[in-house]
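Student: Chain residues, written in single-letter form:
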Amino acid sequence: MITLSLRGVRGGVGTSSTLAALGHALHELGQKVLLVDMCPENSLGLHFNMDLAPREGWARATLDQQPWHEQAWVVEPGLCVLPYGQLKPSEVFALDALLIEQPKLWTQRQIALAKGFDWILFDLPQRLPGHVSSPHCRISMMVINPDAACHVLLQPQLAQTPLFLVNRFDAASQLQRDLLLIWQQRYAHALVPVNLHADEAMGEALARSEPAGRYAPASLIALDIISLASWCLLRGRRPA
Amino acid sequence: MISRWFPYSRLRREQNCTRFTAFILALIQALGWIFLRLESPRWQALREQHRRLYPHLADKPSTIGDPLRYTVQTLWLLLVRTPNQNQIGRQRFRQRTARFFTALLMIVQRPWNLLSNAFAHLPTTLSPQVTKGSHWWDNIQWPLRKGLYIAMGVLALALIVLCITEPFGFLAQLVFVVLLWMLAMLVRRMPGRFPTLLLIVLSVIVSCRYLWWRYTSTLNWNDTFDLICGLTLLVAETYTWLILLLGYVQTSWPLNRKPAQLPADTSQWPVVDLLIPTYNEELSVTRGTVYAALGIDWPKDKLRIHLLDDGNRPSFKTFAEEVGINYIARTDNRHAKAGNLNHALKLLDGDLVAIFDCDHMPARSFLQLTVGWFLRDPKLALVQTPHHFLSPDPFERNLGTFRNRPNEGELFYGLIQDGNDMWNAAFFCGSCAILRRTAIDSIGGFAVETVTEDAHTALRLHRNGWTSAYLRIPQAAGLATESLSAHIGQRIRWARGMVQIFRTDNPLLGKGLTIFQRICYTNAMMHFLVGLPRLVFLTAPLAFLFFHAYIIYAPAVMILLYVLPHMIHASLTNSRMQGAYRQTFWGEVYETVLAWYIARPTTVALFSPSRGKFNVTAKGGMMEENQFDWQTAKPYLILSVLNALGLGFAVWRLFYGPRDEIFTVIVSVLWVIYNLLIIGAAVAVAAEVRQVRNTHRVLARLPGAVKLADGHSYPCELVDYSDGGVGLQLSQALQLPVGSPVSLILQRGNREFVFTGTLTRSHERFIGLSFAQLPPEEKIAFVQCTFGRADAWLDHNSGFEADKPIQSLKEILALGIKGYYRLYEYLPAWIRVLAKPFLHIFQWLGSFLPRMPTSTPLISRPVSRS
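Read top to bottom, the protein sequences are chains W and B. The opening position of the first sequence corresponds to residue 1 in our numbering, with each subsequent residue numbered one higher. The opening position of the second sequence corresponds to residue 241 in our numbering, with each subsequent residue numbered one higher.
Honestly, the hints are just simulated from the structure, not real lab data. It cannot be assumed that every hint is accurate.
The list that follows gives simulated cross-link-like pairs (lysine to aspartate or glutamate, DMTMM-like), each with its CA atoms no further than 25 Å apart [stated by the list, open to error]:
1) B/K540 <-> W/D178
2) B/K1019 <-> W/D170
3) B/K1019 <-> B/D537
4) B/K1019 <-> W/D178
5) B/K542 <-> W/E76
6) B/K1019 <-> B/D1031
Please construct the entire structure, taking both the sequences and the accompanying hints into account.
Tutor: Here you go:
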C-alpha cells in the first residue's frame, strides 16, 4: 500500500480536482484506491457525483467515537471515497488538537487499510497543522500554479515539501514559460516531471461531478493525469 | 426459338456485328445445335462455366475472329492442366509432387544449411581458442614473431600469385571458381569484420585472376581493329578493377567515430563563427537555416552567426538586421564561394568556423557533438558531418524510392567518409562542417584554384600535418536538387573540380601525406573518371555485333567462367560492405545517368585543368507538371537505339553467321539486353515527376497537443511538418470548421512552445495547420522544435529494406522496362500515332493467345453444408 498526499500552496490551485482525477486514473490502471478528504470544506465527494458536504464522515465519526471506516463510499469496485463530514468550526479545531495529541492516529488507520487498498490518497487542507501532519505519506506533493504568487509562496515551503506539482500550465504565456524555466533550473530535484496543462475540460468535469479522466478521456489533461499516475506508480515501487 | 438456334438478329442488334459476321457466327451456332446435342446436361454444364473457361471472350463483343479464339482456347484447355478446385485428387497429387521435390532439395540444402550455420556460429564457438591462441602469440619474442609474420606474408603472397597467374582449362577453372564461390557463400553469413576482410581477399584474388587472364590470353594481336577495340575495353576494365581495389582499401575498416565529451565548464568552450554563405538562393530558403542556427545550443556570447551574401541583396541585409545576425557582403564575386568565405574570415576572429550552406538547417546539437574533438586533439583541423536531405533527389522522386532505399549520397556519407576517417583522410564537403581557424590560416585560407574548394582545402590541411574527423550523425538537413538537369550540373562541377585537383595538386605526389591518405584521395578523384569507361561498357558488345570485332579473344564459355566470378564476388563483397548504404546494382544506374555528362568535362579537365568555372547548384523549386527531360535523356536514347540495333544484328548473325559463333552471339545478346535495361532505368529517371509543393513535408512522429480557442486541449501526434505548416493526427475527430484558429503545443527538451495557426484541412482524425503569420521569435522556436531537433534525422534509414543482390537485380531490370514504357508515354503525338497501328497489331495478335482460366468459379457455392 502506498500513501500519497496533495496540498495546495494556496487556495484555488486545483488540488481537489487533481486528486480526484489522479485517484480515478490510478483506478483505471488497475489499482484499488481510497481517497480521503482531509479538508473541513468536505467537498471531495462532489467529484464523484456525491452530495455536497455529507453529514457523515471520518472526522464526524472520530469526534463522535463512532466507527470511522463505516463512512466510506464505494464509487466503483476498487475506488472508494472517505468524506470528512460536517463539523462546526470549533469542532474542527478540537479535532486538530486531537490529531496533534495522537500523531499515530492515521498511521494506525493506514496500517488497518493496507489489506484493502493499493493506494490511499489524502486531500490535505491549507492550514490545520494537525490535519496536515497526521497522515505520513510516501509521496507528498504540493500543488502550485505557474504564477508569481506561487513563486513567492513556495520559497518557505522548500525545506518541508519534497515534491512540487505544476498545475494549469499554459505554454502560450511567456510568464508561465519563464517561471517554469526558473523552477526547472533551481528546483530540478523537487519538481514532478509531469506538468498538468490548463484545460477547459478540468473545470467542466467538476461541473459535471466527474473526475476529468472520466468526463473527457481524450483530453490533454486526462493524458497528463495518466502520465502523472504512471509516474506515481513507478515512484511508489521505488524502495522508500 | 429461332433466336436461340440462329441468333442472327440478336448479334446484329446487341453486339453491333456486320451482316457477314453475324451470319457466319449464327451459322456456326446453328450447326452446333444440329450436330452436337447442346441441350444435353453435359453441354449445359460446360456452357455455365463459359465465363471461367473463356475469360477473355466473356465480355467481348463478338467478331469474326472469335471462332479461332474459341478453338485455340479449347485446345489449350484440353492440353494444359488448369487449376480446378473441384478436383481435389489432382491437387493432392500436385502437393505430393511438390513435397517430393522439396524433400529432394532438402538432401542438398540440409547439409549446406548445417555447414553455413556452423560457420555463422564459428566466431562464438572458437573465441576461447582464439583468445588463447592470441595470448600465446603475444608471448612470443618480437624478433621471432616478426620472422613468422614475414614468412606467413611471403607464403600467402606466393599462393596468391599462384592463384592469379596459373592458367587453367575449362574444368579446372570451373572447379576453382565454384570452390571460391562456396567459400564466399559460407563466409558471408559469419558476423564480424574479419569475414569481411576474407571476402575482400577472395574478391581481390578472383578479380586479379580475371584481369591477368585478360591481359595474357584474350587479346587478338593479329588484327589491328580487334586489338584497338579489345584494348579500349581492357583499359576500361582495368580502371574499374583499380577503383574496386582502392575502394576495398578505403572502406575495409570504417571508424564509426563517437562524439567527444565537452568540459562541464562552459568558459572553456571555444568561440564559434557560424558562416552561412549565399549567392543567388531565395530568402525563403535561407530564413530556415538562420532560424535553426539561432537555436543551436551554445553559450550566446560564444556563437556569432554571419550571413555571407555574395549577391549583395538589400532584402538579405534587412532580414539579418531583423533577426540580429551579422551581415557581410563584398564588392566583387571573385573565387565564388571560397572567395566569399575567405573575405569573411578577414573580418572574424573566432576559434572555430562552422559552415552551413544556406539550405542546410543545423540541428541544435551540432556544436555540442562536434566541438569536443577539437579540444581533445590540438592538431584537428576539421570535423565533417553528413549532408542529409529532407526532400527527394531526382532519382528518388522519379523512381519512387524516397525513404525506402538508400539514396546516391548515402554511400559516401554512410560508409566512404567513415572509411576515410580510419586513415585520417575524411575530407571537407563544403557544408555541415566545422574547422579550426588557425588551421585555415596556416594554409592561407580556403583553396581558390579549383571549383571544388572543399576537397582541395582538406587536402592542403592534410598535407600540412593537420588531422580531420568525420562524425556519421546527421546534424543538419537540406533540400536536394530539384531537377535531374540541376543534379547532373552539380555532379559535373564535382567531377571537374576533383579531376582539376588530381591534375594540379596530385595526392599521389608531393609531401605530407601517408600512403593511405594518398589512396583515399586518389580514389575519391579517380572515381569521377568513370564516365568514359561506363560508356565503353555500354557499347562494347556492339563492336562484335556490328563489326565482328573480337573484343575478348577467347571462347564464350571461358569468358563466362572468368567474368561471372569476378562480378559475383565483387557484388557479394560490396553487398556485405555497402548493403546498408547502397543496394547492389543501383550504382550502375547512378553511373549510367552521369556517364555521358561527366565524360567530357573530366577529360577536358584532365588535359587542361584551368578551364571550367563555378556553377551554383539550384535547389528547392517546383515542377509544375510531369514532364520528360528530352535534353538530358538524349544520350541515353541514342545509346539505347544503338543497343537495339545491336539486337537486330544479333538476330542476323544467329541465322547467317558461322555455326561456331552462336554461343558468342548469345553471350553478347545477354550483355546488350542488360545494357538496354540499365539504360532504360536511366531513361526512367529522366521522366520527371511533378513536384507541386513549395515547401517540403518532413515525415515525423512527435508527441504534441492542440489547444482550441474555447480552452479545450487535446493530445496529438505530429505526423509531418514543413516551414509553413504541420499535419496532426488526433486520437478523436474534432468537428472544426476550416479557418478556425488552433494552437499547437510542442516540446523541446523539457520546455514547451505554443504556435497559433489556422486550420487548413480536417479529415476524420487528421488535421492540417498552417502557420502563415508567426512572429520571428516564434518561427525560431518552431524551427527548433522541428527541423532543429537533435534527433530529427537520426532515423532516416529506418525505412530502408535490407539489401538482397538478386532481388535488387530484378528491381533494376524491372525499372529498365518501366523506363521504356514511360518513354512511350512521353513520346510526341505523331510518333505515337505512327506507333499505334503496330501496337494495335500486337494487341490483336495477343487477343488470340489462350488464357489461364480463373481458379475460382464465379458461381459461388456454399462453403459447408453441415
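Student: Against the structure shown, which of the earlier numbered hints fail to hold, in ascending order?
Tutor: 5
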